[in-house]
Each structure stands twice: as structure tokens, then as C-alpha cells.
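Engineer: Sequence:
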Amino acid sequence: MFNGIITVRTLSSRLPGKCFLSFGRYSVLEYIILRAKHFNINPIICTTIHNSDDKIIDLAKKHKTNYFRGAIKNKIKRWRDCANFFNLKEFHTIDADDPFFCGDEMKFSINNLKKNKDLDIIFPSKLSSSGAAFVGYSFTNEAINKLSKEIRSNTDTEMIEPFIKKNRNLKFNVFKDPTKYKYTARMTLDYIEDYLFLDCLRSKLKLYPKRRDIYKLLRSEPSLININYKKNSIWKKNQLNKINKIK
Numbered sequence: 045m046f047n048g049i050i051t052v053r054t055l056s057s058r059l060p061g062k063c064f065l066s067f068g069r070y071s072v073l074e075y076i077i078l079r080a081k082h083f084n085i086n087p088i089i090c091t092t093i094h095n096s097d098d099k100i101i102d103l104a105k106k107h108k109t110n111y112f113r114g115a116i117k118n119k120i121k122r123w124r125d126c127a128n129f130f131n132l133k134e135f136h137t138i139d140a141d142d143p144f145f146c147g148d149e150m151k152f153s154i155n156n157l158k159k160n161k162d163l164d165i166i167f168p169s170k171l172s173s174s175g176a177a178f179v180g181y182s183f184t185n186e187a188i189n190k191l192s193k194e195i196r197s198n199t200d201t202e203m204i205e206p207f208i209k210k211n212r213n214l215k216f217n218v219f220k221d222p223t224k225y226k227y228t229a230r231m232t233l234d235y236i237e238d239y240l241f242l243d244c245l246r247s248k249l250k251l252y253p254k255r256r257d258i259y260k261l262l263r264s265e266p267s268l269i270n271i272n273y274k275k276n277s278i279w280k281k282n283q284l285n286k287i288n289k290i291k
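Each residue of the sequence shown is one higher than the last, beginning at 45 in our numbering.
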């Protein structure tokens, strides 16, 4: 079984408490936990020590899911401490903003990392990191420890890519996104429009849809992407501003 670290916290400036929003018979976070299990990925909740995240732990316990609480701002340190606590040789990150992550592609990414001993990290594809939200990052334990060692413990590492690229001791590849079942909808949860879109997809799809299922739905009903797609330009601008501040 593969290990998936689910990165989640309650505080959010754009959509507070979004992980607790209703998603059919579950909340968004519960759905992500169960989706990971459906794809034979061992979910590990990774949240902060802030008391606002106590409710997240309650959900983890409800679904008999391992959890770890760590640094509030430094996500990289939180991942490192979580990986070390559970003695993970490698892991894949799962963002709690991405309820329709592709479990098959995540496992493919981890397998590539395990086979290629020269690699430390596999980045998500450009399409995925630009709002399509198919996959996260695949890390070896050695890589996350090397990366964290170079960063002050109180640093805000929400945008992790610049920190990885600045570290010359790490070797990484970018995940090659499959050309089959390619779509460009905005699949990440940051705004209320995103929630309306994602919940609409949920209502029209089977419980744990694969990438091809989402592709077929959007091919048959292309107007659905208009629910939230305009938010992508705002989101990308915010991401770029954060990256520039790090540089």
C-alpha cells in the first residue's frame, strides 16, 4: 500500500473551514480520506497543532485514520516530522483542496520515484499544479529531511516549489501528465464557486470517479466548467505573488 499524507488545516483566508463543507453524505475531508482508501492509498492526516484543527482529528479518529499534528506555518517541516514519526520511506502529498485527485496517477508517480534511485522528488505536472489538481508531490524520506534542514523552522512554506528549486542537493523530475482523458477544468477548492462546481460534479458522477469518468462528463456537459473557471486567473495571480515574495 502507498502512503498519502493529506495536508489539511481549518484556517483559510478565502474559504474558512472548507474541509468540513458537505460533499454528499460526507464532508470534503471525509470524502478525501475514503477516496484514498478506495485507491489503496494509506491516508495519513497531517494538520497543525492549532486548536482550530481539533475537529480534523475528530474526523481522523472517526474513520480510524492515522494523524499527525505539527508546525502551523512550515508545511515542509510538518511533512518531515510526519514522515519521520511514521517511518515512511516515501510518500505522496494529497491536498485537502483537491477532492478528485487521481489515485492511479499518484501511484504511478510513487512507483517512478521508487524505481529511479537517482531521484529525490517528483513534481506534479504543470497542468495539475495550475488548478487541475490530479497529483501532488512524491518525496523520499531522505529528500524531505534534506529540504527541511535548509529552512528555518518558523518559515511559511505554503508555496513549496521555490524552496525545492533553491536546494541544489535535490534531484527532481516533473510528472508527465497522460494525454488521454485530458481536461482543463479548475478542480481545486479555494472559492465558493469551486465548491459549487465540485459538488455539482459529485452529484453527477459515481462515488469515486476516475479521471476518465470526469473527462466523459465534461465532454458531454462542457458548460459546467464555467461555474468556477474565471476564478483560475485570480488564483494563479495570487500563487505567483506568493512565489515572488519567496524569491
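Derived by calculation from the structure, the hints in this document are not laboratory data.
Do not take every clue at face value.
Unchecked claim - Computed list of lysine-lysine pairs in BS3-like fashion (alpha-carbon distance at most 30 Å, straight line):
| no. | residue 1 | residue 2 |
| --- | --- | --- |
| 1 | K215 | K260 |
| 2 | K260 | K248 |
| 3 | K220 | K159 |
| 4 | K81 | K159 |
| 5 | K117 | K275 |
| 6 | K210 | K193 |
| 7 | K133 | K193 |
| 8 | K170 | K210 |
| 9 | K215 | K250 |
| 10 | K81 | K226 |
| 11 | K226 | K193 |
| 12 | K226 | K248 |
| 13 | K274 | K106 |
To be verified - Between beta-carbon pairs, the in silico distance windows are:
| no. | residue 1 | residue 2 | range |
| --- | --- | --- | --- |
| 14 | P222 | D162 | 31 to 37 Å |
| 15 | K210 | N160 | 34 to 40 Å |
| 16 | S267 | K108 | 38 to 44 Å |
| 17 | R212 | H107 | 23 to 29 Å |
| 18 | R69 | N131 | 41 to 47 Å |
| 19 | R196 | F130 | 37 to 43 Å |
| 20 | N198 | K161 | 21 to 27 Å |
| 21 | R212 | R69 | 43 to 49 Å |
| 22 | S56 | N198 | 18 to 24 Å |
| 23 | D162 | S56 | 34 to 40 Å |
| 24 | R196 | N84 | 19 to 25 Å |
Using N, Cα and C, we set each Cβ at its ideal position, and we do this for glycine too.
Engineer: All the hints need checking, so say for each whether the structure fits it.
Structural biologist: Here's how the hints hold up against the structure:
1. Straight-line distance between C-alpha atoms of K215 and K260 comes to about 36 Å, which puts the hinted pair past the 30 Å bound.
2. For the given pair, K260 sits about 11 Å from K248 by alpha-carbon distance, which is consistent with the 30 Å threshold.
3. Only pairs whose Cα atoms come within 30 Å are accepted, and K220 paired with K159 is accepted, the gap being roughly 16 Å.
4. Annotation: proposed proximity of K81 to K159 holds, straight-line Cα distance about 23 Å (limit 30 Å).
5. Between K117 and K275 the alpha-carbon distance is near 25 Å, which keeps this suggested pair within the 30 Å criterion.
6. With a C-alpha separation of about 13 Å, the suggested pairing of K210 with K193 holds against the 30 Å cut-off.
7. Distance check on the hinted pair: K133 and K193 sit about 17 Å apart at the alpha-carbon level, within 30 Å; holds.
8. Only pairs whose Cα atoms come within 30 Å are accepted, and K170 paired with K210 is accepted, the gap being roughly 18 Å.
9. At most 30 Å may separate the alpha-carbon atoms for a hinted pair to count; K215 and K250 exceed this at roughly 38 Å.
10. Under the criterion of a C-alpha separation no larger than 30 Å, the hint pairing K81 with K226 is consistent with the structure, at around 24 Å.
11. Annotation: proposed proximity of K226 to K193 is violated, straight-line Cα distance about 37 Å (limit 30 Å).
12. A hinted pair counts as satisfied when its Cα atoms are at most 30 Å apart, and K226 with K248 qualifies at roughly 19 Å.
13. Under the criterion of a C-alpha separation no larger than 30 Å, the hint pairing K274 with K106 is inconsistent with the structure, at around 36 Å.
14. At roughly 23 Å, the beta-carbon separation of P222 and D162 lies outside the given 31 to 37 Å, and the hint is violated.
15. The hinted window of 34 to 40 Å between K210 and N160 is violated, with their beta carbons roughly 22 Å apart.
16. Between S267 and K108, the C-beta spacing of about 40 Å keeps the proposed range 38 to 44 Å intact.
17. One distance hint, 23 to 29 Å for the beta-carbon pair R212 and H107, is violated here, with the actual separation near 40 Å.
18. Distance hint check: the CB atoms of R69 and N131 are about 34 Å apart, inconsistent with the given range 41 to 47 Å.
19. Restraint check, R196 to F130: a C-beta distance of roughly 24 Å breaks the suggested window 37 to 43 Å.
20. Hint check: N198 to K161, Cβ distance near 34 Å, so the stated range 21 to 27 Å is violated.
21. For R212 and R69, the Cβ-Cβ distance of about 48 Å falls inside the hinted range of 43 to 49 Å, so the restraint holds.
22. At about 20 Å, the beta-carbon gap between S56 and N198 stays in the expected band of 18 to 24 Å.
23. Judged by the Cβ atoms, the range 34 to 40 Å given for D162 and S56 holds: they are separated by roughly 37 Å.
24. For the hinted restraint 19 to 25 Å between R196 and N84, the CB-CB distance of approximately 37 Å leaves it violated.
The structure fails to meet hints 1, 9, 11, 13, 14, 15, 17, 18, 19, 20, 24 from the earlier list, while all remaining hints are met.
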